[in-house]
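**Q** With the hints as your guide, set chain B onto chain A.
2 protein chains.
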Amino acid sequence: MLYNVVPSAKEEAVPNGVFHRRNRVTLAQEDSETPPEEEGAKPEAGHRWVRSFHDYAGESREVLGGKGYGLAEMTSLGLPIPEGFTITTQACLAYFRGEKQAPEDLWSEVELAIRALEARRGQRLGDPESPLLVSVRSGAAVSMPGMMDTVLNLGINRGVAEGIARRSGNPAFAYDLYLRFIQMYGEVVMGVESSHFSGVRDEWLAHSGAASTSQLDFESLEAIISEYQGVVFDATGREVPEDPEVQLRGAVLSVFDSWYSARAIDYRNHYGISHDMGTAVSVVAMVYGNMDYRSGTGVCFTRNPATGERTLYGEYLANAQGEELVSGASTPSDISELSREMPEVYSQIVDCAQLLEKRFGDAQDIEFTVESGKLYLLQTRAAQRSPRAAVRMAVEMTDEGLISREQALKRVNPDQVYNLLVPRLDQSAAEEARVEGRLVAVGLGASPGGATGRLTFNADEAQRLANEGARVVLARPETSPEDVHGMLAAVGIVTSRGGTTSHAAVVARGLGKPCVTGAETLTVNPERGYIMSDGVVVTEGEDVSIDGATGEIFRGEITTLQPSISSEKHMVELLSWADDAKRLGVWANADYPRDVRAALEFGAEGIGLCRTEHMFFEPERLDMVRTMILAAHDCADSPEGECDRDFHASLAVLEGYQTADFEAIFRVLEGRPAVIRLLDPPLHEFLPSFVDILEDVVELRAAGGPVETLAAKTALLTHLEELREVNPMLGLRGCRLGLKFPAIYEMQTRAIIAAACNVSSEGMAVHPEIMVPLVSHGNEMKLLRKNLEATINAYFDETGRSVEYKIGTMIELPRAALTADEIAETAQFFSFGTNDLTQTTYGYSRDDAEGKFLMKYLERGILPEDPFQELDRSGVGRLIEIATRLGRKTDANIILGICGEHGGDPSSIEFCHKTGLDYVSCSPYRVPVARLAAAQAALG
Amino acid sequence: MLYNVVPSAKEEAVPNGVFHRRNRVTLAQEDSETPPEEEGAKPEAGHRWVRSFHDYAGESREVLGGKGYGLAEMTSLGLPIPEGFTITTQACLAYFRGEKQAPEDLWSEVELAIRALEARRGQRLGDPESPLLVSVRSGAAVSMPGMMDTVLNLGINRGVAEGIARRSGNPAFAYDLYLRFIQMYGEVVMGVESSHFSGVRDEWLAHSGAASTSQLDFESLEAIISEYQGVVFDATGREVPEDPEVQLRGAVLSVFDSWYSARAIDYRNHYGISHDMGTAVSVVAMVYGNMDYRSGTGVCFTRNPATGERTLYGEYLANAQGEELVSGASTPSDISELSREMPEVYSQIVDCAQLLEKRFGDAQDIEFTVESGKLYLLQTRAAQRSPRAAVRMAVEMTDEGLISREQALKRVNPDQVYNLLVPRLDQSAAEEARVEGRLVAVGLGASPGGATGRLTFNADEAQRLANEGARVVLARPETSPEDVHGMLAAVGIVTSRGGTTSHAAVVARGLGKPCVTGAETLTVNPERGYIMSDGVVVTEGEDVSIDGATGEIFRGEITTLQPSISSEKHMVELLSWADDAKRLGVWANADYPRDVRAALEFGAEGIGLCRTEHMFFEPERLDMVRTMILAAHDCADSPEGECDRDFHASLAVLEGYQTADFEAIFRVLEGRPAVIRLLDPPLHEFLPSFVDILEDVVELRAAGGPVETLAAKTALLTHLEELREVNPMLGLRGCRLGLKFPAIYEMQTRAIIAAACNVSSEGMAVHPEIMVPLVSHGNEMKLLRKNLEATINAYFDETGRSVEYKIGTMIELPRAALTADEIAETAQFFSFGTNDLTQTTYGYSRDDAEGKFLMKYLERGILPEDPFQELDRSGVGRLIEIATRLGRKTDANIILGICGEHGGDPSSIEFCHKTGLDYVSCSPYRVPVARLAAAQAALG
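Here the protein sequences line up with chains A and B, keeping their order. At position 882 of the first sequence the residue is numbered 881 (numbering that gives the first Met the number 0), and the sequence of numbers has no breaks. At position 924 of the second sequence the residue is numbered 923 (numbering that gives the first Met the number 0), and the sequence of numbers has no breaks.
If you are wondering where the hints come from, they were derived from the structure by calculation, not from laboratory data. Relax, there's no trap hidden among the hints.
Since the list gives no way to pick one copy over another, a pair counts as held whenever it fits inside one copy or between any two copies.
Lysine-lysine pairs mimicking DSSO-like chemistry, simulated, CA-CA at most 30 angstroms apart:
| hint | residue 1 | residue 2 |
| --- | --- | --- |
| 1 | K781 | K739 |
| 2 | K781 | K855 |
| 3 | K913 | K888 |
| 4 | K357 | K373 |
| 5 | K888 | K785 |
| 6 | K781 | K99 |
| 7 | K409 | K357 |
Isolated chain A (complex conformation) (with noise of 0.2 angstroms):
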């Protein structure tokens, strides 16, 4: 039986998941893999495009393609593989430049090849009585799975398949042969749809009763072969050539072509390939695993691709072709059973894993055939792994002096440590609930990690149910920072609005936790405490599970694994690595003590944004924040005294709060620096929704309700409208509040201060740094500067004590930039606010920007990045660049950081290094992933 053994359905998986499109495949990373160019034969003379496998003359995988190299390099080593040759990609970009004209001498060049092949094989393209057949298949040099065309069988013919039945005493399955080629042939090449196909197969097939073409007997197969002849004739007007060279031009030609397919293009600009590098063609003889019960089909790889361990683990199938591999129909053996079958077979195995690893410096994936006992590897690629595989392998491989330190930390994608660290759902638990129909919904995994836990509507309700020790999973229409201490208190948030950088996926990410946002078919309602998807309800009290990766929200409880970092031994030995080599530091944002503690176990060197307000959401403050701020109306812009009463009074309490937490944050980090940043957010964000109240109001008037609470609901409506901004992204809120109403932040400055001397006084460390937050101006720094240290000076002076500080600005805004030199005369470190200074450069909001258009923008194409994600270079890094430039020129030793969320994102930190900077700010979960970012970043 004749089969191959690689169809192209079995190409390698795209890996699926939130954080892939962040991991450009590019060249000169492939590259790094390939072991250096031997000196030694060149080409064949008069051979321009085509380079036969065991006469490459060192040619490159940029040259040859990723499947034309593994082939030629495995011939080099001496390994067994079928003959062939390939046509290189320079003959395909060739053949676009000259507008889809086969380059001079390529098809004389081929000739020679498949003479050459012919010889080497003692079988004939066409000739009936000993065919050489062939698969033509593309192979560019970066991996694009199952993009681009093949054909197999090729050089096929009613002849050849007579020729074959004959000599095989099977007509059948020469026919069956015959039948595949027409059907591919004619989709590939001559532009078929399938359906046609297939349209006349199933007919067969329910009428016969068979499961595939190849249960059928010759007399139907003959019958298929015709209809099949007659739907090409009548699609195309032409029928599939009989001549096998013709066939082979047509071939070649088409994978050309489907190089600039419609889902090859969409591919490439997906994953940031290059449009210019060009498929090259491998022509391959055919080899059989279904010849006899010596002969079989499998794939291995040289270490456990889950876990990493040094073991060969794979599948091989006994007297069976690829396709039943894939299709699962048969169920294939654990390849140790090779062993016992055929022992000679399975130790060249080992033998050719280990030669293969040696060879290219890394973990394999390899398929093979066994052709009546007679081995042929047909393919090697660099193994796909899971992120603790690729942590473990990249450790290992350097203890065994397989590879360098350098090479080891480059190895490992810095997505992957995150995913290392997150809580996960037993995928097998998973599939089960799959199976079981309990998938409620698919939305947008915008958190990775697995979480499961009682359903909850309410910030409260889930931290009084956490408090209690539940394990709630928080579910809301959208997210706002008044739900942030019930995310605090979940174990995973859904909402029905929003993307991936909506508050609840922003604020996920921060914390770690699992998230899944933008579920479209997904209703969340709170009041009715349901949610609902095509009519599947879940209510308040059930269990649900989510995968904050896929996305996916099942009903029910899905066993979650928990990783902890000091237990993942590999990756804590690879970090360390990471460490010697980066130059970037790496600090961590968080906002309370427990944070704080988790970044240092991360590896945080410090804190590099500490957002005071969002202590101010802590339920039992909330209401001191909210008397504080109806009064400060009354005190715009009086720098002291003659304001109202409350205004002060709650200011006083809310000062004890920020002292005491100061004060844990500072125990916690036991010296290392804190960057503190003064109130932030416009001051509405503290109270009630004025549409909320604006309902409640009409409703009472309509109503006649009660005459005091209309009262006080329509002077709260009042102050609502006040404080209501049209954009108040660019309203009254950061250092602008600071400078109205100088009290706030006098109150904040001296809770840290005191804080800072409180700690400092039994003897720890403390290195408090001032943030003051949305400057434009230098002399909002100027200004600002004088007031906190006037205050900080008059507690000096009061107590007696004192404490090293500085201060510095976040630089978030394009005119601080800009302005850069100017603000550095009175801030003593910048920290790039890139959330902020990315809307404000683009002129996106993202709370708008999200659900109106940035989607479809990414879709198409009209944006080849989410600036929210990944740093945007050409904008918003030239910002960066002049106010790194100027503010050295003011101040050549200032402290430069960043702090958005771009600070734990791996391209964006290469950029802050590339650029510079003094460190990166991650939330802490991202820690791991900023330092072995910030390694590969140093080691260019």
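**A** Relative to chain A, chain B alone:
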């Protein structure tokens, strides 16, 4: 009688008005008026700090101060002035450098100068028989009227007073002089509160029934002097020095110190005057206009300061002191009277006037005193003048050969041109109204000009009344785009909220209509139809008058004076010179044919911004626009067809409207270019307000209103909720709309091109330039250019017609500026939208910032200028420079313009010139301003 004619209270008045802040006084400008220095005498040896008037060695205004320079120049011309000398600004600066120690040799030099003065006058300081009295006067290089100190009658003491009494035979006069000196010295030099003296004096006056101390008898004056001396001693523990040398030193240092008085610092900050110049001190012998009947005092202008006419203009008061002239206690006669009373003095004044005009090349404001038939000039300086006079003087002085055209162009402040072109209130009628108590409130002068009309509260009503021929003033709490048709119909606009860059202000200035905003005490109640301020109520339908420069709102009618450019022949001439001198093109922002016509009349060379959406707000179209928007929701992102029928139907109707609009505009333009911007604002701006509909729905629900109404409103509310944005400024607008709803931009493009073809087929040239708003990424522009060109080519193919056109973009987001090289690949022109660019660069929302913090920022000096009025060169300007460089790198011939508010601001125009833009575009009424400012920029 001995009085000095130039009391400090009579220094030139500070001109008020909304545009004044822009007119930075710079020394360089004043210096350019200085005639070339003469080669001549060097100062006497050892005169390092002091220059006598007749031996000033050609020292500059910078060294001598304005007053000292004028006196010295007049001396050198041989004009009659009192003797004296000047202590230079360098002495003042040395004093401050030396930590308030008078520089070495200062006093010895002053003593020498006094001795020389005594010798010339035949009088001696402190000599009772022949006393020299002097005034000690401040005088900075730049005039700072009333800001610094002066001491008169210095040199008097008890002995001298007795001597004067004896010799003049008028002891009361002598003691009055002495009394005044004690008070002035006590206040200015010794820091005694003025109220301490006035308390004493007022009691005496009340007791005696006299109006001033000069009417008291000798004994009373003696008594008051004694009480004054007590006041000084009680307050300071010291006595007013009797020694004239001591008096002099004290006065000189006090004048120095007054350079850094709080009010002087504030004044310089306000007018942008450098703090580094210091003041000079002039010591001048006193002369007396009330010596006898052949004495007197007067002020004259060399040309009429109101009309500019070339005639001597001024007032004279015989036998009087300067204070009387100022106080209005006596009525002065016209200066022409003098030609009868003292013809030789009059003709001497005429000769002096001519000489001084020639010397300074400008109209002069001259103060003089006649002492017993002898003329003394006391001061000369450039005359303040009305806008009309400024223009006429500049043109006529050029025609007379007094100055060059270049000087004439520099002489007129561009904002004066603007004031000349808007209607204004008849000032005598306005004064009458003030006296009658008809002034209702004073707000911010947001757009200059005067208007009188019926008070109206509703835009539709305003339009209806205007159509009936009524003149209406529209009053609103604040305005929104929905009010624009009412603003168009009104002759003036009043709002109770918002500042000088609020929507109302910006639109009014664009329309050249008077506007008063943010009248704090004013309540505007459209529902009940009244405005109210301090209890005064004006109801709907009553006449009101407003002055958009002063911010005054009057009850009742006040005559307005209507200018026209063609009647302003001097201005027409001046602007024609400006056109010859300028390099920048001056285009206009205009949305309607009538605006285009006005713009051309004012000299616009093209239309730089035609906002198509303003056409959408016309009432008869708004319904259609709303239907389109509500239907559009279902059509988002579907490039063709499959879309709601209502959407396309309403677009088709709008296309008809727009085509007609554009045709009309092209016809007026007669081949000049027109930059037409595609739809920009967020769609919800065209819809009723979310809050209003929410109130309706809640009310209907609570009250159980009609089911269909409730259903319709609820549906509308749902739509509005979907369209609602947290930060609409940064949301779905501009080209984001064009990409989401391609049919809208296609409709507009077709309308533009069809209109162009229609007009072109009539034989008239057309130059449509289609402008895409809010681009932040090159890909947006690339895609839209492709789409729009496809639409245009389809139109050309269908109709067989064609026309030249361009497609370009606004640069109004920081990222667009930073990536202008990429955008220039597909944009054929750039227009800097500096309104939005300022918002995003600063992170200020205009709608919010002004009321919430911007005004306070300006008051507190945190911002030196309102960046929405004067282009912020360090931030926004930097981006414009970057974009200019990058844009030209890609396309050396790309046309660059500016179309924000700044296009009509002189300082911003100077920046545009320096940066190398091709044109500025501003509202039609500011086109003459821009022409002049562009000329001034070119002249440097």
